[in-house]
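Build the full structure now, drawing on both the sequences and the hints.
Here our numbering is used: the first residue of the sequence shown is 277, the next is one more, and so on.
A portion of the hints provided could be inaccurate.
[Said to hold, decoys possible] Label-pair restraints from in silico Cβ distances:
no. : residue 1 : residue 2 : range
1   : Pro317    : Pro289    : 20 to 28 angstroms
2   : Ser335    : Pro288    : 30 to 38 angstroms
3   : Gln305    : Glu339    : 16 to 24 angstroms
4   : Pro289    : Ser345    : 21 to 29 angstroms
5   : Asp333    : Arg295    : 26 to 34 angstroms
Since the hints were made in silico from the structure, they are not lab data.
Heads up, the beta-carbon is just placed ideally off N, CA and C, and yes, glycines get one too.
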Amino acid sequence: MLFLAEMEVRLPPDMPPERVDELTGRERQYSQALQRDGRWPHLWRVAGRWANVSVLDVSSVDELHELLSGLPLFPYLDIRVTPLARHPNAINRGEDDA
277 MLFLAEMEVR
287 LPPDMPPERV
297 DELTGRERQY
307 SQALQRDGRW
317 PHLWRVAGRW
327 ANVSVLDVSS
337 VDELHELLSG
347 LPLFPYLDIR
357 VTPLARHPNA
367 INRGEDDA
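So this is what it looks like as structure tokens:
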């Protein structure tokens, strides 16, 4: 199942820089592991904001929730999730070619 996730980071302004560095380092490791295992195939930065647009490929809504809530920055994220379905005008790619 594919999901579009739009995420914006909203850290408290008084968070100590060491805590920010620790959280962002853990976030990098976590997100890169998910990219390597194929569950986070697309990750784009939103220019001019501390935000990203991602496509996640998971087997269920429960897995999506587990993945997102496992993000070290999760308590400081505004996340909007949209389920995705193939558009009838899309050109199939890879295994979907018929």
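Satisfaction of the hinted span 21 to 29 angstroms by the C-beta atoms belonging to Pro289 and Ser345:
holds, 24 angstroms
Given the hint of 16 to 24 angstroms, is the C-beta distance from Gln305 to Glu339 inside that range or not?
About 19 angstroms separates the Cβ atoms of Gln305 and Glu339, which means 16 to 24 angstroms holds.
Lying within 26 to 34 angstroms: is that true of the beta-carbon distance Asp333 to Arg295?
Check passed, 31 angstroms falls within 26 to 34 angstroms.
Would you say the C-beta atoms of Ser335 and Pro288 sit inside 30 to 38 angstroms of each other?
holds, 34 angstroms
With respect to the beta-carbon atoms only, verify the hint that Pro317 and Pro289 lie 20 to 28 angstroms apart.
violated, 33 angstroms
When the structure is compared with the earlier hints, a violation turns up for hint 1 alone.
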